[in-house]
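Order-wise, the sequence lines are chains Z and V. So in numbering that gives the first Met the number 0, spot 79 of the first sequence is number 78, and the numbers just go up one at a time. So in numbering that gives the first Met the number 0, spot 337 of the second sequence is number 336, and the numbers just go up one at a time.
Everything labelled a hint here was simulated from the structure, so no lab data went into it. No experiment lies behind these values; they were computed from the predicted model shown. Any given hint could turn out to be false.
In the DSBU-like style, the derived pairs of lysine-lysine whose C-alpha atoms are separated by at most 35 Å in a straight line are [stated by the list, open to error]:
| id | chain 1 | residue 1 | chain 2 | residue 2 |
| --- | --- | --- | --- | --- |
| 1 | V | Lys370 | Z | Lys270 |
| 2 | V | Lys207 | Z | Lys270 |
| 3 | Z | Lys270 | V | Lys211 |
| 4 | Z | Lys270 | V | Lys241 |
| 5 | V | Lys269 | Z | Lys270 |
| 6 | V | Lys406 | Z | Lys270 |
| 7 | Z | Lys270 | V | Lys204 |
| 8 | V | Lys311 | Z | Lys54 |
| 9 | Z | Lys270 | V | Lys135 |
| 10 | V | Lys284 | Z | Lys54 |
| 11 | Z | Lys54 | V | Lys269 |
| 12 | Z | Lys54 | V | Lys324 |
| 13 | V | Lys145 | Z | Lys54 |
| 14 | Z | Lys270 | V | Lys138 |
| 15 | Z | Lys54 | V | Lys78 |
| 16 | Z | Lys54 | V | Lys115 |
| 17 | V | Lys354 | V | Lys93 |
| 18 | V | Lys317 | V | Lys241 |
| 19 | Z | Lys54 | V | Lys396 |
| 20 | Z | Lys54 | V | Lys314 |
| 21 | Z | Lys270 | V | Lys187 |
| 22 | V | Lys207 | V | Lys412 |
| 23 | V | Lys78 | V | Lys370 |
| 24 | V | Lys145 | V | Lys187 |
| 25 | V | Lys269 | V | Lys115 |
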Amino acid sequence: MTVILGQTFTGISIGAVLLLIALGLSLTFGQMNVINMAHGEFIMAGAYTTYVLQKSISSAGISLLVALPVAFLVSGALGALLEWLLIRRLYLRPLDTLLVTWGVSLMLQQLARDIFGAPNVQTRAPDVLTGNITVIGGDDPLTFANSRLFILGLAVAAVVVLSLTLRLTSLGRRIRAVVQNRDLAEVSGISTSTVDRTAFFIGSGLAGVAGVALTLVGPIGPTMGTNVIIDAFLVIVVGGIGQLKGTVIVAFVLGVLQSVLEYSTTVSVAKVLVLVAIVAFLQWRPQGLYTLRTRSLV
Amino acid sequence: MSSGSSSSRILRRRFLAGGAALTAVVALSACGAKTDAAGTSSDKAAKIDVSGDTVKVGLLNSLSGTMAISEVTVRDSLKLAIAEINASGGVLGKQIKPISEDGASDWPTFAEKAQKLIREDGVAATFGCWTSASRKAVKPVFEKNKSLLFYPVQYEGLEESPYIFYTGATTNQQIVPGLDYLKSKGLKKIYLVGSDYVFPRTANKEIKAYAKANGMTIAGEDYAPLGSTEFSTIANKVKASKADAVFNTLNGDSNVAFFKEYKSAGLTAKTMPVVSVSIAEEEVKSIGTQYLAGQLTAWNYYQTTPGAANAKFVKAYKAKYGQDKPTSDPMEAAYTSVYLWKAMVEKAKSFDPEKVKAASDGITFEAPEGKVTVDGASQHVYKTARIGEIGTDGQIKEVWNSGKPIKPDPFLKGYSWASGLS
Numbered sequence: 000m001t002v003i004l005g006q007t008f009t010g011i012s013i014g015a016v017l018l019l020i021a022l023g024l025s026l027t028f029g030q031m032n033v034i035n036m037a038h039g040e041f042i043m044a045g046a047y048t049t050y051v052l053q054k055s056i057s058s059a060g061i062s063l064l065v066a067l068p069v070a071f072l073v074s075g076a077l078g079a080l081l082e083w084l085l086i087r088r089l090y091l092r093p094l095d096t097l098l099v100t101w102g103v104s105l106m107l108q109q110l111a112r113d114i115f116g117a118p119n120v121q122t123r124a125p126d127v128l129t130g131n132i133t134v135i136g137g138d139d140p141l142t143f144a145n146s147r148l149f150i151l152g153l154a155v156a157a158v159v160v161l162s163l164t165l166r167l168t169s170l171g172r173r174i175r176a177v178v179q180n181r182d183l184a185e186v187s188g189i190s191t192s193t194v195d196r197t198a199f200f201i202g203s204g205l206a207g208v209a210g211v212a213l214t215l216v217g218p219i220g221p222t223m224g225t226n227v228i229i230d231a232f233l234v235i236v237v238g239g240i241g242q243l244k245g246t247v248i249v250a251f252v253l254g255v256l257q258s259v260l261e262y263s264t265t266v267s268v269a270k271v272l273v274l275v276a277i278v279a280f281l282q283w284r285p286q287g288l289y290t291l292r293t294r295s296l297v
Numbered sequence: 000m001s002s003g004s005s006s007s008r009i010l011r012r013r014f015l016a017g018g019a020a021l022t023a024v025v026a027l028s029a030c031g032a033k034t035d036a037a038g039t040s041s042d043k044a045a046k047i048d049v050s051g052d053t054v055k056v057g058l059l060n061s062l063s064g065t066m067a068i069s070e071v072t073v074r075d076s077l078k079l080a081i082a083e084i085n086a087s088g089g090v091l092g093k094q095i096k097p098i099s100e101d102g103a104s105d106w107p108t109f110a111e112k113a114q115k116l117i118r119e120d121g122v123a124a125t126f127g128c129w130t131s132a133s134r135k136a137v138k139p140v141f142e143k144n145k146s147l148l149f150y151p152v153q154y155e156g157l158e159e160s161p162y163i164f165y166t167g168a169t170t171n172q173q174i175v176p177g178l179d180y181l182k183s184k185g186l187k188k189i190y191l192v193g194s195d196y197v198f199p200r201t202a203n204k205e206i207k208a209y210a211k212a213n214g215m216t217i218a219g220e221d222y223a224p225l226g227s228t229e230f231s232t233i234a235n236k237v238k239a240s241k242a243d244a245v246f247n248t249l250n251g252d253s254n255v256a257f258f259k260e261y262k263s264a265g266l267t268a269k270t271m272p273v274v275s276v277s278i279a280e281e282e283v284k285s286i287g288t289q290y291l292a293g294q295l296t297a298w299n300y301y302q303t304t305p306g307a308a309n310a311k312f313v314k315a316y317k318a319k320y321g322q323d324k325p326t327s328d329p330m331e332a333a334y335t336s337v338y339l340w341k342a343m344v345e346k347a348k349s350f351d352p353e354k355v356k357a358a359s360d361g362i363t364f365e366a367p368e369g370k371v372t373v374d375g376a377s378q379h380v381y382k383t384a385r386i387g388e389i390g391t392d393g394q395i396k397e398v399w400n401s402g403k404p405i406k407p408d409p410f411l412k413g414y415s416w417a418s419g420l421s
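I would like the entire structure built from these sequences, with the hints used as guidance.
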């Protein structure tokens with residue numbers, strides 16, 4: 000019983016990580032139809048921000064808390080810069096954004112390698128996050144890792160803030176208007192280019208937050224973004240483009256599926272089975288894939 | 000608008016398809032050319048460049064990618080040995096000129112770079128590789144070109160190559176002593192965790208055979224892809240298995256994620272010790288002692304190993320690379336391998352690989368780990384086994400050693416339980 004509960008928690012915590020890495024992408028890819036292959040490198044930028052801050056702030060707990068907003072700003076600024084330099088010229092050619100941002104992602108990886116060195120680095124987690132809490136005691140205790148609970152909380156908070164921003168603020172209304180009908184939004188007096196850049200800033204900033212969370216799980220390295228970007232795209236595509244709700248549900252479903260399969264088989268087999276399940280799902284419900292449209296056709 | 004863009008899209012698609020086909024043809028013909036070159040070269044040995052007053056050697060390590068955390072230190076250690084030898088007059092009157100190549104944690108890249116070092120640079124010998132996958136990838140290259148590789152890392156055994164000298168431990172000098180130690184402590188139910196490639200899979204096959212013959216049980220066996228950082232399920236499985244100990248053959252920085260998760264799951268060195276065979280001082284430093292204190296390692300050398308040769312090695316390394324840089328077993332084996340090569344060359348009075356090989360048997364060196372001797376028959380070395388415990392200061396303290404150098408037995412011929420392994 001504790002095994003099932005423990006494993007479910009593990010699945011949810013994997014889902015939380017997936018959700019965090021996919022959340023920003025759901026804004027830039029899902030809402031804006033930009034295939035940003037450099038999203039993974041914005042995650043990396045967030046992780047390295049944590050590393051840099053820890054070098055100057057000795058308390059691991061404080062540096063982690065400071066890293067969250069700073070990483071958001073750093074990755075967000077990188078995203079806005081990318082949008083301003085390249086992506087705004089490519090909104091009518093979504094497939095070209097794939098190639099261009101892939102090139103940018105390779106450049107950012109090399110930049111990280113030049114600045115921080117090729118070997119991966121690690122950060123210290125605050126002591127409170129290295130332990131665990133016992134949910135059910137006894138001979139066969141059920142424990143939840145504190146770092147995983149923290150990531151789960153972070154993911155939930157990010158989803159709530161993002162969805163409230165989209166729903167309740169004037170910025171959110173403008174973003175939704177531009178997504179639904181760019182031309183009409185433009186003639187209604189909305190500066191679509193400002194909205195685009197702001198949305199890109201937020202989406203990329205969320206990648207930075209995901210990067211901070213990933214430092215609690217594993218090492219920080221120039222290629223860490225490429226390791227997670229495929230998972231992020233899977234979550235978005237299966238969830239349905241432009242669907243925040245879909246992103247959330249699919250992240251947790253895939254997380255639990257992965258952990259259940261991993262428990263009963265092996266890591267590699269579980270990965271294969273998850274991919275098979277995704278392919279089967281997309282056969283049955285291809286909408287996720289086929290809603291990819293250019294803005295000119297909206 | 001839409002019809003215009005769709006027709007241009009079709010055009011572009013055609014162009015892309017044509018481009019792809021062209022690329023494929025070019026790639027195929029390039030491959031063909033490569034096979035030809037390799038084919039014609041297979042009969043004659045590579046030419047060693049000894050023009051002038053230098054001799055080149057290759058350093059082949061991952062300077063990027065998941066393995067860089069470990070392999071950069073090996074490269075630094077090789078450079079230290081080369082600098083020392085050059086300062087004392089070089090080899091056969093020639094200064095050693097190292098050519099460093101990055102294997103990039105990618106096995107095909109290793110093979111490509113090995114080929115480049117041998118055929119283009121004309122190196123007299125190459126030092127490096129870490130993972131068994133990279134060694135297996137370069138093995139045919141060295142054999143085909145009749146060039147020498149000195150491999151400095153412990154590995155799973157069951158291999159011999161006429162052109163490779165293995166200066167790290169083979170199974171009976173590391174894994175078997177590690178298992179003997181667990182057995183002597185009454186830890187009989189073992190969980191196996193490893194990276195999913197050659198070394199852990201083969202090592203675990205040997206561990207299972209050992210367990211069967213020694214009354215130990217295997218509580219479970221799990222592999223994660225190399226570079227994987229998601230270990231929560233494996234930690235849960237290990238915990239639920241109620242094993243006595245974990246035998247860890249994870250490589251590279253997967254260890255960081257594994258030990259973070261291990262601690263998060265509430266497992267400790269007291270409740271369930273982990274014996275690692277790929278974590279040395281450098282990795283301990285980057286994983287963090289808060290996750291590792293009290294855990295066990297099996298190696299042949301630690302920075303704390305006593306002796307004048309080690310004191311000199313540690314001092315020289317820190318002077319060159321920084322006081323905070325630790326020394327480790329693969330670094331020591333790499334450092335030693337350069338000196339062993341030098342001794343072989345001087346005994347052979349030649350850089351010719353065949354003559355160097357012929358001179359190798361019985362070559363000794365007062366290494367930082369103690370005296371090592373080359374076994375000419377297997378081209379492995381006699382090494383002392385050491386079990387260590389990781390301290391809170393990041394140093395590994397020896398808790399047991401074999402007393403004398405153990406004869407290398409890569410095929411485990413001396414163990415009846417290993418008869419079915421290959």
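So, going through the hints one by one against the coordinates:
Of the pairs offered as hints, the one joining V:Lys370 and Z:Lys270 is violated, with about 47 Å between alpha carbons and a cut-off of 35 Å exceeded. Pair hint V:Lys207 plus Z:Lys270 holds up; C-alpha atoms about 26 Å apart against a cutoff of 35 Å. At roughly 31 Å between alpha-carbon atoms, Z:Lys270 and V:Lys211 fall within 35 Å of each other, so this suggested pair holds. In summary, the hint linking Z:Lys270 to V:Lys241 is supported, as the alpha carbons are separated by about 26 Å, within the 35 Å threshold.
Between V:Lys269 and Z:Lys270 the alpha-carbon distance is near 33 Å, which keeps this suggested pair within the 35 Å criterion. Of the supplied pair hints, the one linking V:Lys406 and Z:Lys270 is violated, its CA atoms being roughly 42 Å apart against a limit of 35 Å. Of the supplied pair hints, the one linking Z:Lys270 and V:Lys204 holds, its CA atoms being roughly 24 Å apart against a limit of 35 Å. Pair hint V:Lys311 plus Z:Lys54 holds up; C-alpha atoms about 32 Å apart against a cutoff of 35 Å.
The straight-line distance between the Cα atoms of Z:Lys270 and V:Lys135 is roughly 26 Å, inside the 35 Å bound, and the hint therefore holds. Between the alpha carbons of V:Lys284 and Z:Lys54 the distance comes to roughly 15 Å, so the proposed pair stays at or under 35 Å and holds. At roughly 32 Å between alpha-carbon atoms, Z:Lys54 and V:Lys269 fall within 35 Å of each other, so this suggested pair holds. With a C-alpha separation of about 18 Å, the suggested pair Z:Lys54 and V:Lys324 falls inside the 35 Å cut-off, and the hint holds.
Distance hint between V:Lys145 and Z:Lys54 is unfulfilled; the C-alpha atoms sit about 48 Å from each other, more than 35 Å. A hinted pair counts as satisfied when its Cα atoms are at most 35 Å apart, and Z:Lys270 with V:Lys138 qualifies at roughly 31 Å. Distance check on the hinted pair: Z:Lys54 and V:Lys78 sit about 29 Å apart at the alpha-carbon level, within 35 Å; holds. Of the supplied pair hints, the one linking Z:Lys54 and V:Lys115 is violated, its CA atoms being roughly 40 Å apart against a limit of 35 Å.
Of the supplied pair hints, the one linking V:Lys354 and V:Lys93 holds, its CA atoms being roughly 18 Å apart against a limit of 35 Å. Simply put, V:Lys317 and V:Lys241 have alpha-carbon atoms about 42 Å apart, too far for the 35 Å limit, and the pair is violated. The straight-line distance between the Cα atoms of Z:Lys54 and V:Lys396 is roughly 29 Å, inside the 35 Å bound, and the hint therefore holds. A C-alpha spacing of about 27 Å is found between Z:Lys54 and V:Lys314, which places the hinted pair at or below 35 Å, so the restraint holds.
This hinted pair checks out: Z:Lys270 and V:Lys187 have alpha carbons roughly 32 Å apart, not beyond 35 Å. Distance check on the hinted pair: V:Lys207 and V:Lys412 sit about 16 Å apart at the alpha-carbon level, within 35 Å; holds. The hinted pair formed by V:Lys78 and V:Lys370 meets the criterion: a straight-line CA distance of about 21 Å does not exceed 35 Å. This hinted pair does not check out: V:Lys145 and V:Lys187 have alpha carbons roughly 45 Å apart, beyond 35 Å.
As the CA atoms of V:Lys269 and V:Lys115 are separated by approximately 49 Å, the hinted pair breaks the 35 Å bound.
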